[in-house]
Structure formats: structure tokens, C-alpha cells
Amino acid sequence: LAEDMSILDGNLPQTLGAYFNWMWRTCSIIVMSLIVSPFIVVPMIPLFFFYRTISKRYLPGTRDLRRLDAAARSPIFSHFGETINGIATVRATGQQDRFFDTIVVKLTAQMEAYYLSNTAPRWLSLRLSLLGASLVGCVSLVAIAFHKSMAAGTVGLALSYSMRLTDTLGQWNRESADLETQLVSVERVSQYVSDIPREAALRIEDRKPPRDWPGRGTLELSNICIRYRAGLDLVLRNLSLVVPGGSRVGVIGR
Numbered sequence: 519l520a521e522d523m524s525i526l527d528g529n530l531p532q533t534l535g536a537y538f539n540w541m542w543r544t545c546s547i548i549v550m551s552l553i554v555s556p557f558i559v560v561p562m563i564p565l566f567f568f569y570r571t572i573s574k575r576y577l578p579g580t581r582d583l584r585r586l587d588a589a590a591r592s593p594i595f596s597h598f599g600e601t602i603n604g605i606a607t608v609r610a611t612g613q614q615d616r617f618f619d620t621i622v623v624k625l626t627a628q629m630e631a632y633y634l635s636n637t638a639p640r641w642l643s644l645r646l647s648l649l650g651a652s653l654v655g656c657v658s659l660v661a662i663a664f665h666k667s668m669a670a671g672t673v674g675l676a677l678s679y680s681m682r683l684t685d686t687l688g689q690w691n692r693e694s695a696d697l698e699t700q701l702v703s704v705e706r707v708s709q710y711v712s713d714i715p716r717e718a719a720l721r722i723e724d725r726k727p728p729r730d731w732p733g734r735g736t737l738e739l740s741n742i743c744i745r746y747r748a749g750l751d752l753v754l755r756n757l758s759l760v761v762p763g764g765s766r767v768g769v770i771g772r
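Residues in the sequence shown are numbered from 519 upward in steps of one, following my numbering.
Worth double-checking, as some hints may not be accurate.
Have a look at the derived ranges for each label pair, beta carbon to beta carbon [what the hints assert, rightly or not]: (1) Arg570 with Asp713: 52 to 60 Å; (2) Met550 with Ser592: 15 to 23 Å; (3) Thr626 with Met550: 14 to 22 Å; (4) Asp724 with Ile770: 45 to 53 Å; (5) Leu634 with Asn741: 34 to 42 Å; (6) Pro639 with Asp751: 23 to 31 Å; (7) Val767 with Thr626: 42 to 50 Å; (8) Phe566 with Gly674: 21 to 29 Å.
Hints in this document: simulated from the structure, not taken from any laboratory. Heads up, the beta-carbon is just placed ideally off N, CA and C, and yes, glycines get one too.
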């Protein structure tokens, strides 16, 4: 969760500010364009329709890719840390090739999601560029059709705002996508905080031992079953033993 916390502390506030900044710019350009020439609304209506359609396809896909990238990155660091801590055992047992193949498989799975999450903005940029060129072309056709009633300066200003509008919409969409993908980090941190079962309290009031405990050094275990975590096989099954007080016991194993 180190990268997720870094995104929450640094990237997410900046992306949120940039999102509202570009949204304000988009609204300002639309208002100014309509003031300069109400005819611009004609090509704007299909433009926003196609823009909305592209956004519906782009945002869910890039959000899921970000989630896959974040989920595939954690096993890499976990496996790397375990390998470093047990490097002596890995070399002693001759398991270097197996550990290498495992990390390559994990890296390949992560790079697939990372590559697709970086190529998705290029997919969006191409389609927004096509929409921008279509908008400029429509504005030009409208200016030609109504050339008698529109001044040359008005036409130039309308073309200028139409070109700026497509760039601003593209940037706003990118910031929106970045915001949604970074909110995946919020989802992961929230899941880590709320969904993972908590351990028992350090002190349980109704199970406090007496003040003179331990009166004897005897240790008794009765039918103990233990696993490392939920979902794994038991490593100790129905273990029962008694260690008399004053004896010395050695525990071998993990």
C-alpha cells in the first residue's frame, strides 16, 4: 500500500485541482463561443454526443486497468522481499531458476496491465483529435454558409475557440480518467482498513487472568489447530502437550 498512500497524499489532490480547473476552462470557452457566434451550437451538439460515448467506453476500461496494475504489483514486491530474506536457503537448495521463473511470470502479468493502461490514453487522444478536426470543419462550413451575415473577425474568433475547445475537452477527459484511476487507490486503502478482519484486542476484560498469575510455570496446550492465514492448510492439527514448570523446551521450525 506504499504507492497507494503516495497517490493519496500527493497525486490525488493535484489531479482533483486540475480536474476542476479544466472543467472551468471548458465551461468558459463554451459560453464565450456561444456569445461570439450562436451557430457554433450546431456542431457542438453531436460533438458532445460522441464525446460522451467515447468517455463511457474509455473511463471504465482505464479504471479497471489501473486496478489490475495495482493488484499485480503487490505480489512482485512480496516475492522479491521473501527471496531476499531467504536467499541463503534458495541458494542452498538450488532453487534459483524456480524463483527467477516465478518473478518473471509476475512481472509479465503486471507489465501487460501497465502497457495497456499507458496505451489507453493514446486511444483516447486519437479519437479526440478526430472530433476536434470535425468540429473545426463544421465551424468552417457554417462560416462559409453564412458568410454574408458574419464578419471575418467573428469567424476567426469562432475557429479559435473551437480549436481550443477540443484541446480543453481532451485535457478534461484525461484528468477525469486520471482522477478515476487514482480513486482506485482510495478503494484499496478503504478495503484494507475496513474489510480485513481485525485481531482480538490486546486485553479482554472478561478474560483477565488473576493477579497472581502465573502461579506455576506449567504450560498446557489442548487440541491446538493453527494455520498461517485464512484459506491455507493447517500446519498444526490437534496438538496437545504439557510442559511442566521448570523444564527447558526447544522449539524448532518457523
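Taking the hints in turn, this is what the structure says about them:
1. Arg570 with Asp713: 52 to 60 Å: Check failed, 33 Å falls outside 52 to 60 Å.
2. Met550 with Ser592: 15 to 23 Å: 47 Å, violated
3. Thr626 with Met550: 14 to 22 Å: 50 Å, violated
4. Asp724 with Ile770: 45 to 53 Å: The hint (45 to 53 Å, Cβ to Cβ) is violated, given that Asp724 and Ile770 are roughly 36 Å apart.
5. Leu634 with Asn741: 34 to 42 Å: At roughly 51 Å between Cβ atoms, Asn741 and Leu634 fall outside 34 to 42 Å, so the hint is violated.
6. Pro639 with Asp751: 23 to 31 Å: 44 Å, violated
7. Val767 with Thr626: 42 to 50 Å: 47 Å, holds
8. Phe566 with Gly674: 21 to 29 Å: 23 Å, holds
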